[in-house]
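In the order they appear, the protein sequences are chains A, B, C and D.
For the first sequence, position 68 (counting from the first letter as 1) is numbered 59 according to the numbering used here, and the numbering increases by one without interruption.
For the second sequence, position 229 (counting from the first letter as 1) is numbered 220 according to the numbering used here, and the numbering increases by one without interruption.
For the third sequence, position 119 (counting from the first letter as 1) is numbered 110 according to the numbering used here, and the numbering increases by one without interruption.
For the fourth sequence, position 295 (counting from the first letter as 1) is numbered 286 according to the numbering used here, and the numbering increases by one without interruption.
Hints are not guaranteed to be accurate.
If several chains are the same, the list does not tell them apart, and a pair holds so long as it fits within one copy or across any two.
To be verified - List of simulated lysine-lysine pairs, DSS-like, C-alpha gap at most 27 Å:
(1) Lys395 to Lys209
(2) Lys396 to Lys349
(3) Lys209 to Lys219
(4) Lys166 to Lys(-1)
(5) Lys(-5) to Lys115
(6) Lys15 to Lys47
(7) Lys396 to Lys328
(8) Lys165 to Lys155
(9) Lys115 to Lys349
(10) Lys219 to Lys328
(11) Lys143 to Lys47
(12) Lys219 to Lys395
(13) Lys328 to Lys395
(14) Lys395 to Lys349
(15) Lys396 to Lys219
Don't read these hints as lab results, they were simulated from the structure.
Quantities reported herein were computed from a predicted structural model and do not represent experimental measurements.
There are 4 protein chains.
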Amino acid sequence: MAKKEVKKIVLAYSGGLDTSIILKWLKNEYGCEVVTFSADLGQGDELEPVREKAFKTGADKVYIDDLREEFVRDFVFPMFRANAIYEGSYLLGTSIARPLIAKRQMEIAQIEGCDAVSHGATGKGNDQVRFELAYYHFNPAITVVAPWREWKLNSRQALINYAKRNDIPIPITKKRPWSSDRNLLHISFEGGILEDTWLEPPENMYVLTKSPEKAPNKPQYIEIEFEKGNAVAVDGVRMSPAELLAHLNTIGGEHGIGRVDLLENRSVGMKSRGVYETPGGTILREAHMAVEQITMDREVMHLRDSLIPRYAEMIYNGYWFSPEREMMQCMIDDSQKTVNGVARLKLYKGHVRTVGRKSESDSLFNLDFATFEKDQVYNQADAEGFIKLNSLRLRIRSLMLANKK
Amino acid sequence: MAKKEVKKIVLAYSGGLDTSIILKWLKNEYGCEVVTFSADLGQGDELEPVREKAFKTGADKVYIDDLREEFVRDFVFPMFRANAIYEGSYLLGTSIARPLIAKRQMEIAQIEGCDAVSHGATGKGNDQVRFELAYYHFNPAITVVAPWREWKLNSRQALINYAKRNDIPIPITKKRPWSSDRNLLHISFEGGILEDTWLEPPENMYVLTKSPEKAPNKPQYIEIEFEKGNAVAVDGVRMSPAELLAHLNTIGGEHGIGRVDLLENRSVGMKSRGVYETPGGTILREAHMAVEQITMDREVMHLRDSLIPRYAEMIYNGYWFSPEREMMQCMIDDSQKTVNGVARLKLYKGHVRTVGRKSESDSLFNLDFATFEKDQVYNQADAEGFIKLNSLRLRIRSLMLANKK
Amino acid sequence: MAKKEVKKIVLAYSGGLDTSIILKWLKNEYGCEVVTFSADLGQGDELEPVREKAFKTGADKVYIDDLREEFVRDFVFPMFRANAIYEGSYLLGTSIARPLIAKRQMEIAQIEGCDAVSHGATGKGNDQVRFELAYYHFNPAITVVAPWREWKLNSRQALINYAKRNDIPIPITKKRPWSSDRNLLHISFEGGILEDTWLEPPENMYVLTKSPEKAPNKPQYIEIEFEKGNAVAVDGVRMSPAELLAHLNTIGGEHGIGRVDLLENRSVGMKSRGVYETPGGTILREAHMAVEQITMDREVMHLRDSLIPRYAEMIYNGYWFSPEREMMQCMIDDSQKTVNGVARLKLYKGHVRTVGRKSESDSLFNLDFATFEKDQVYNQADAEGFIKLNSLRLRIRSLMLANKK
Amino acid sequence: MAKKEVKKIVLAYSGGLDTSIILKWLKNEYGCEVVTFSADLGQGDELEPVREKAFKTGADKVYIDDLREEFVRDFVFPMFRANAIYEGSYLLGTSIARPLIAKRQMEIAQIEGCDAVSHGATGKGNDQVRFELAYYHFNPAITVVAPWREWKLNSRQALINYAKRNDIPIPITKKRPWSSDRNLLHISFEGGILEDTWLEPPENMYVLTKSPEKAPNKPQYIEIEFEKGNAVAVDGVRMSPAELLAHLNTIGGEHGIGRVDLLENRSVGMKSRGVYETPGGTILREAHMAVEQITMDREVMHLRDSLIPRYAEMIYNGYWFSPEREMMQCMIDDSQKTVNGVARLKLYKGHVRTVGRKSESDSLFNLDFATFEKDQVYNQADAEGFIKLNSLRLRIRSLMLANKK
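Let's have the full structure, built from the sequences with the hints guiding it.
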């Protein structure tokens, strides 16, 4: 493949060894100006030191942006309004972050007059797809440089040698035998020792959650309030989206909630094991479903539920910025107009369970039917006609089958 | 409504006060022969004493049948091959039992030459629908007598008075402030104090599970083996379907697993709170999904998952014996041909979590690609073309939108 | 069933024999005030004479409203934005009219302080369901009187006798051996001789369309322009929704377009033959699909198409005024933002066929890719990676299956 | 891209200029043995002369196989049991042929000990995907050579020059300004002048159908009989699948039936205009739907219909040999057990229309309900309970909404 021409590039930069090598490699191979961009999505690391690191490794300009509120408000919450879950288990913590990073990266590309963008995702994973689909959405003519698909640095040793040759400091901490990605919604682990799908992940891997065995011996009850499907308060205290999620992470982490071990299907066609900690998100989803139970119409719920596998697939596969996701979001958001109420949850040793739900404004349960005469709302005798007509096609079919014999 | 003519009727009879009153009421009102039928579905009660009770209350003939193996093998397992779940929470323990009771009841009706059947389900619930849709499937011309929709005994006191007048013994134990239904798959609770949807159910209500707080302080690991999507062994010991489910109930109950508190949508159109204990079923579903993770094709899984809300709805609404359920079962069963393998699970204080899965025969993960040259299976460079073409329609659309501005 | 108490009732009144008898019967049986309501939905009859007829038969007040524009704009067009079709053939001409009639009827009920409404639909058909579901939407406590389900006038002769006894004039024209319903969207025929499903309907039954054999020997070409999925002009002439549909009915009728003969499934559970003439609607749907072809994203289209059977079912079954239909409409309407363009159609002897489509603003076809370098939009080599990764899961599966042997 | 090593290759060979050049190019570039394979799928050309041509152009071995019966029986008919249609218009005539060609090609590869296969599909179209997904299904390690994605012969002139240099005879007939693909199910046209989506295709393009204007002035009636969803006889004469389809092509072509002009979405992400003639297939689909109308359960039909867009997409995108298509076929075939009956159709000037349908064994319409008492099957009064309970959730919601105000 002929090398593309690049004048100025924005690199999604974490400050770690890999993206530092990429930064230098871009300078070496493309001879272009490099703008680095680091997003604060709540990954828990201090990002400011990244600035100096980037300049030292050759960056021409450095962007560091706090995107936490935008992340939760415009990405996490819309997705949670849908109860999205991938393959029955994964709450899409990494999938939902990539489009936002790409969006901001493309804004910077425009501000800075860049003709290319780059990321550090490998050629076997989902993240390259998520980044690049979003890049192309914002500028279909952008040049994308994906070093892992281009370079020959295909082993850890080759990378380290490259770093040494290029004066990139190599962290002295031993590399952990898995890779991970963290933001306000979750932390994920994959690769390394996790590739033995039969082996339980080691306890020392977990970051956001206590072991259930070490969680408090007393359950904790919390109440979460929702307005139009969005969580707005915990135990009566209103919080911004990012504050609320961070707060639930703390509580959920304390109780060991939200660990998932999944062998999942990647968009590129292979299976891959992912282990996740999503303490706040797990609580949030349970609470949201509880409030839906009391406020959402049955047919709305069943129709919506049948579409969630497809919606989650869109997000997992990188189609956040797509007309089909937006179209489905219209439907989902319409379904949330009445999702106003409070869920009561019990947290205990790795598990969260609904124990109560109420809605003053939108309850569809046990309304005061005072305006009705007795039996006007529900007359038991009506059930006979209901059953008779619902069974009519089955009875006719049974007759037909009997006649055939 | 004119009273139907009935000569001989089969009554689904539990031996409790309500169906005893119905038995007598049928004799009094219809002047017909009454055959009672009691099914052992693993509800945990000794059924033999029911025989004497039935005769004493006026039964002309009594059937008591052990249907446990048929229940698990032909009803529970096919449903679990689909991972069926209603409204995200309910494992359909009562829904799946009704069609089997109705099936056997209709067989007895034919053996005994009955022209009618009767059941004790009320006119506001789902069970009347499930019973009667199944009855009509087997005989579209059968006469159905649903006493709760016919009689005037609309209060507890009226029932007790009726019982007293008719020499039906009234249990001295105090009635619990909820109603329940139990079988090998679950026990359900509804009504009474549960109708306050904000109130946590009392601990003394639970029957099958220990409180998580009182469950063992040490986690337990178990392994469940599947063949064609059906569980066949636990920790290496092969068991029949009913034995296996009973065994998992014991283990799961000990660890407080499978409690669910749900405000659900009934088929007759109202919301209703159901609290469930499904210890073995909860474990079984988790294990089944784990084995599917390693053996099931991605598109098969996603397509299947999109249909499960509809499949679960069919079962919940009483359409087990319907061409649409059977047609969907064909598809589900085809998807299970490769679901052969073992799941490893961790049980601890109310929660079950997958920690490993393997399949010797059908793993789609990390196969030995020895027959391939390096990079022939997966060449990272392929990802570029994959992303480029997957984004093509999005890039064209972005161009169009940009041109519009 | 105990007779309900009714003080004042609004009757959906056509002026025909049946609803005249109902008008008198309501007076006789319920002793209530009767307000009649006749809607002009473009059924082609002069409605003004109905006024006198109603008063003569005993009406206390008469409403006659021209709802044609509202009908097409707010009911027909939203449905056509979805390409809704029931069981592959029926364009829902009657189904979509009933909710509007019910809506206006309920408005009148409120204006007039009525406690009840009534309609002339029989107890075996779909229309009773459509009317009553809509009534209850607007007032869940309204009393509904459905004479055909209540009275004993179960034969034509009984009706005629009743009319004679009550001085209701009996039309001298012979009753046609089928029943029909007409509005701006279609005319339907059912019952009578049509119940022989093997017999071709007689040529003299058709009202809106010439026989294809008698249609012009020369094809006609027309162009229809759409904005946001709604037809706004024919052959360059802008028209209001009702005018446009009427115009297409004239053209389509001349060419014998839009006859459909369908054995369909009613919502009450039986099959029923319906024969339809929908000349304008048939043209409109073809044109709309043509403009979608050039302006709609692939995934949007495929997702939408998978939901249309469900959407059409909602309308057919009477759930126009339901949260699930409204929620789906949000999604459909979002998909129509870009459906701007022109379709060119050929009309000839019973058939309409697209022969061209264009969109100046929203075409996704063959854009001028001038801003791109050669091969940047589409590089044939990309297809290899696309195919390789799309086939990855299939190749892995084939390996697994081969290993099993 | 490094050239792959190839020893012996099977080429899907039509005998035309393009695949002749490919044959020679494979010899020149890969220096490998070339086996040609030509399939008779009813494309209407004499294939025997292809043998000599292949040898003259350098083939080492030649296969010519008549696959017509297999094509219709095992590919076309299963697809028609589903009423599959792509984007509302395209009957998938080319899509369904590719997997069969690939299947036979891979069988030959195994017989002949080939390590590679090749085809003449371009790098911008669907067919490369369909061929190669099927190749990989049969042998995930096969080497695929796709000359159009590899060579530099990117213009017509380059091809002709190559042919001249290599002594490949160039047809003297002028190339038509479109490309086409024909088999027993259809002929397709695309490219060239058709890329102006506003222009009507010229009348002289059509091959299988008379112009409707020149079709007979008298309609023709035909009857088609189905067993388990497969057509088995026309006008009482039983025929094999391929005979029957050929017969319907003749009749349909005479009446100008089955022309479709579609701007469709390709699997590689662009829109493309396709014009099709599918005379027999169009008749077959209409007839099949007519027999389903009288024999298929409502819920089975509606569920099936909601899945057809997805099923058609699978076939269009080349996933015939995939577990998801097979799984869906299980469901579809189960739905066809009762599809036994006869359709009566009217053919006239470009259009086919159902005018009758019957089924002696499986009709669900108007059965003789002799075993029932009057009103036992359908009691009009039942409709009230049916409507009341179906509206219950809507009434409760209306109350809630009213309370909110």
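Outcome of the hint check:
no. : hint              : verdict
1   : Lys395 to Lys209  : neither (64 Å within a copy, 39 Å between copies)
2   : Lys396 to Lys349  : between (54 Å within a copy, 19 Å between copies)
3   : Lys209 to Lys219  : neither (32 Å within a copy, 41 Å between copies)
4   : Lys166 to Lys(-1) : neither (32 Å within a copy, 47 Å between copies)
5   : Lys(-5) to Lys115 : both (22 Å within a copy, 22 Å between copies)
6   : Lys15 to Lys47    : within (10 Å within a copy, 57 Å between copies)
7   : Lys396 to Lys328  : between (53 Å within a copy, 14 Å between copies)
8   : Lys165 to Lys155  : within (16 Å within a copy, 65 Å between copies)
9   : Lys115 to Lys349  : between (46 Å within a copy, 22 Å between copies)
10  : Lys219 to Lys328  : both (5 Å within a copy, 25 Å between copies)
11  : Lys143 to Lys47   : within (24 Å within a copy, 45 Å between copies)
12  : Lys219 to Lys395  : between (54 Å within a copy, 14 Å between copies)
13  : Lys328 to Lys395  : between (51 Å within a copy, 13 Å between copies)
14  : Lys395 to Lys349  : between (53 Å within a copy, 15 Å between copies)
15  : Lys396 to Lys219  : between (56 Å within a copy, 17 Å between copies)
Violation of the numbered hints given earlier is confined to hints 1, 3, 4; the remaining hints are satisfied by the structure.
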